[in-house]
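Colleague: One-letter residues, chain by chain:
2 protein chains.
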Amino acid sequence: MKFKCSREKLLNGINIVSKIVPARTTMPILECILVTADDTGIKLMANDTEIGIETSAIEADIEETGTFAFESKIFSEIIRSLPSNEVSLETDEKFLTKIKSGNSEFKIMGFNGTDFPPLPTVEKENKFEIEESKLKNIIKRTIFSVAAESSKIVLTGELLKIKNSSLEAVAIDGYRISYRTCKVGENSNDNEAIVPAKALNELSRILTDKGDGRISVYYTKNHIVFETESLIMVSRLIEGEFLKYEQIFANENTTSIEINTEEFLSAIERASLFSKENKKSPVKFNITPERLIITSNTELGESYDELDVVHEGESLEIAFNPRYLTEALKAVEDDKVQVQFMSNLSPCIIKPIKGENYKYLILPLRIKG
Amino acid sequence: MKFKCSREKLLNGINIVSKIVPARTTMPILECILVTADDTGIKLMANDTEIGIETSAIEADIEETGTFAFESKIFSEIIRSLPSNEVSLETDEKFLTKIKSGNSEFKIMGFNGTDFPPLPTVEKENKFEIEESKLKNIIKRTIFSVAAESSKIVLTGELLKIKNSSLEAVAIDGYRISYRTCKVGENSNDNEAIVPAKALNELSRILTDKGDGRISVYYTKNHIVFETESLIMVSRLIEGEFLKYEQIFANENTTSIEINTEEFLSAIERASLFSKENKKSPVKFNITPERLIITSNTELGESYDELDVVHEGESLEIAFNPRYLTEALKAVEDDKVQVQFMSNLSPCIIKPIKGENYKYLILPLRIKG
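Chains as they are written, first to last, in my numbering: chain A, 5 to 373; chain B, 5 to 373.
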């Protein structure tokens with residue numbers, strides 16, 4: 005393999021694939037980035053056997069085609085450190101590889117690229133299309149409530165469901181539900197898949213929130229494929245049936261408030277200052293027609309906040325884990341939100357004043373004494 | 005104690021003193037910030053028994069004087085989180101303290117301020133004066149080579165020596181010496197002190213590098229006092245005799261190069277890429293009249309860089325620990341530096357092309373084979 009290319013373009017490719025390279029594994033070849041030079045250019049690939057990412061062809065001056073794997077960390081650092089924007093890379097029959105740029109030269113050992121596991125072949129049957137920025141946004145604003153660990157394996161992933169040209173993204177950890185929906189391309193097939201959190205986290209990191217680039221998403225029973233102009237990501241899916249979240253959202257509320265998102269968030273953050281040492285300290289809401297009073301009371305001290313709200317329905321006292329509230333409110337982009345309650349044993353739902361493009365449901369804590 | 009003041013001014017004071025508050029100690033009162041309200045305003049103080057810092061009086065509307073201590077972390081977080089810029093604080097006879105701002109109110113327990121250890125009383129005998137920005141600069145650019153741990157206790161501090169209206173700051177860890185000098189106020193007393201690294205690190209963090217504020221430094225046998233418009237810091241000194249660094253710098257060089265600082269640093273960083281896993285991998289210099297060749301050779305790979313230099317004297321092969329070189333070069337503000345060598349067993353000295361306002365001396369590694 006022998007080629008010349010731009011350091012910047014090669015580094016862009018490395019930044020796309022390198023984050024999924026596992027740090028330690030029983031298969032050392034997986035700690036590599038696969039570099040393939042063919043007549044279309046250079047492609048980079050990483051594969052942790054759950055998720056694989058391949059870049060589109062990077063423009064290069066190919067003198068000799070080939071496929072070699074290089075230890076990801078050292079390869080990335082070498083390319084990043086090169087002094088000039090022109091890079092030349094050349095491997096010999098013993099996998100010894102010279103990387104040159106300006107007056108610098110590195111020698112490292114590569115590995116046989118044919119030992120590297122290829123991306124799984126996926127039938128491109130079911131498909132939807134969406135703007136990159138929209139998908140990035142919807143993932144970022146829901147993924148935080150995927151369960152880190154759970155006896156219910158489906159909760160360690162996020163549901164992506166297509167129905168009537170709408171995408172619903174749903175993450176549930178047993179204490180809360182984060183739900184968002186948006187329109188997708190009209191010729192989308194109805195379908196659903198539970199995608200591992202790691203794949204969506206990596207995808208949302210890579211996707212750009214600028215411009216109007218589109219992403220095509222294909223899925224089969226076992227895999228999902230994300231395809232943009234610059235990359236293909238393939239992830240295994242989580243098998244099983246997702247929770248029936250629709251009926252949990254269907255209950256009638258008896259109390260509803262409209263509140264300034266930023267002020268609400270700040271007041272909860274103040275009330276949770278004493279909770280850091282002891283994660284379970286609840287924040288209490290006392291909702292009256294005039295105002296919302298937020299209090300906390302711990303061994304370390306007490307806090308009290310009063311907020312103006314637009315109130316409808318009954319008065320109510322209810323308590324929450326402040327972290328669940330603050331994470332949901334940070335995911336809200338609106339200046340004002342609506343919060344609906346039913347009783348102090350039932351979840352609250354944070355949603356837009358108008359419409360239902362997001363819903364954050366949070367279970368309350370039981371008030372003692 | 006009862007007062008009203010600006011949240012921003014109180015927070016500035018907290019930011020000055022809170023960093024030296026120890027996280028865990030056998031004397032819980034030391035985990036507090038002392039707040040004293042008297043007819044001049046509010047003063048904040050922290051004291052870890054080695055270093056103490058007190059702010060100058062912060063403007064406040066004092067209704068009742070007093071002195072109380074508050075657990076540093078929670079007090080800082082409360083003040084930081086308050087919703088309005090007007091803060092009122094009130095303590096009762098049982099040390100229960102109310103902090104109010106806007107529609108928020110916190111209650112925390114304070115401690116009796118008279119239990120807090122006062123700053124040591126230091127005679128203001130020996131003195132020098134210098135611009136804050138100059139002292140900050142000189143500390144930042146030498147402190148990294150203080151020994152983190154050493155059987156020679158004097159090496160865990162930095163020498164500040166006043167002689168003929170010049171300040172010399174010297175840090176030595178047994179493998180290298182970082183030396184800087186600058187002018188101080190003309191009426192300065194000749195003297196020297198070994199100041200613990202922690203005190204100088206904290207001081208350089210707090211000092212501003214903008215403006216022309218001046219700092220007065222006083223020292224006695226056991227203490228040093230730094231006094232600016234906004235604070236007083238007192239630190240214990242390290243007892244003992246500092247190393248005789250002057251004679252180490254006195255040797256004649258046989259090889260000297262002039263080199264672009266940035267290019268030199270980048271080339272050493274490239275050569276040290278393979279060293280991260282194995283800290284002891286040396287980088288080798290091959291100095292000839294035409295150029296400097298920098299190489300490294302480890303199990304992970306090899307690197308080679310060629311740099312143009314202005315060369316005087318003998319050719320030389322010599323090896324170094326790359327971290328010592330990169331830390332010194334990052335502390336240099338000049339575009340070009342001079343590097344002097346004597347033999348491959350003697351230290352090199354990095355210094356300005358003209359003058360001697362800094363000198364970084366680094367011991368070489370023995371070249372094997």
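There's no promise every hint is true.
For identical chains, the list gives no copy identity; a pair is met inside one copy or between any two copies.
[Said to hold, decoys possible] Below, a list of computed lysine-lysine pairs in the BS3-like style, where the Cα atoms sit at most 25 Å apart:
#1 284 <-> 77
#2 156 <-> 111
#3 8 <-> 138
#4 358 <-> 202
#5 167 <-> 288
#6 104 <-> 131
#7 214 <-> 13
#8 77 <-> 288
#9 98 <-> 128
#10 284 <-> 102
#11 288 <-> 104
#12 102 <-> 288
#13 202 <-> 128
#14 358 <-> 284
#15 284 <-> 111
#16 77 <-> 214
#17 363 <-> 187
FYI, nobody ran anything at the bench for these hints, they're computed from the structure.
Colleague: Now tell me, hint by hint, if it's right for this structure.
Modeller: For each hint, the structure was consulted:
In this assembly of identical chains, the alpha carbons of residue 284 and residue 77 lie at most 25 Å apart only when taken from different copies (19 Å versus 40 Å within one copy). When the C-alpha separation of residue 156 and residue 111 is checked against a cutoff of 25 Å, the pair qualifies neither within a copy, at 48 Å, nor between copies, at 42 Å. Taking CA atoms no more than 25 Å apart as the test, residue 8 paired with residue 138 passes in neither setting, with 36 Å inside one copy and 48 Å between copies. Taking identical chains as interchangeable, the C-alpha atoms of residue 358 and residue 202 are never at most 25 Å apart, the minima being 32 Å within one chain and 55 Å between chains.
Within a single copy, residue 167 and residue 288 get their C-alpha atoms no closer than 38 Å, and across copies no closer than 64 Å, so neither meets the 25 Å cut-off. Proximity of residue 104 and residue 131 under a CA criterion of 25 Å is satisfied in neither setting, with 43 Å inside one chain copy and 56 Å between copies. Taking identical chains as interchangeable, the C-alpha atoms of residue 214 and residue 13 lie at most 25 Å apart only when both belong to the same chain, with a minimum of 19 Å there against 39 Å between chains. Taking CA atoms no more than 25 Å apart as the test, residue 77 paired with residue 288 passes between copies only; the shortest distance there is 23 Å, against 48 Å inside one copy.
Taking identical chains as interchangeable, the C-alpha atoms of residue 98 and residue 128 are never at most 25 Å apart, the minima being 38 Å within one chain and 72 Å between chains. Only between protomers do residue 284 and residue 102 lie at most 25 Å apart by alpha-carbon distance; the minimum there is 24 Å, versus 56 Å within a single protomer. In this assembly of identical chains, residue 288 and residue 104 lie within 25 Å of each other by CA distance solely across copies; the values are 19 Å between and 63 Å within a copy. For the homomeric pair residue 102 and residue 288, the shortest alpha-carbon distance between copies (19 Å) is at most 25 Å, but the shortest distance inside one copy (64 Å) is not.
Within a single copy, residue 202 and residue 128 get their C-alpha atoms as close as 22 Å, which meets the 25 Å cut-off; across copies the closest is 61 Å, which misses it. When the C-alpha separation of residue 358 and residue 284 is checked against a cutoff of 25 Å, the pair qualifies neither within a copy, at 33 Å, nor between copies, at 63 Å. Proximity of residue 284 to residue 111 under the C-alpha cut-off of 25 Å is restricted to the inter-copy arrangement: shortest distance 19 Å between copies versus 54 Å within a copy. For the homomeric pair residue 77 and residue 214, neither the shortest alpha-carbon distance inside one copy (28 Å) nor that between copies (39 Å) is at most 25 Å.
In the homo-oligomer, the alpha carbons of residue 363 and residue 187 lie at most 25 Å apart inside one protomer (16 Å), although the nearest pairing across protomers, at 64 Å, exceeds that limit.
Of the hints listed earlier, those the structure fails to meet are numbers 2, 3, 4, 5, 6, 9, 14 and 16, in rising order.
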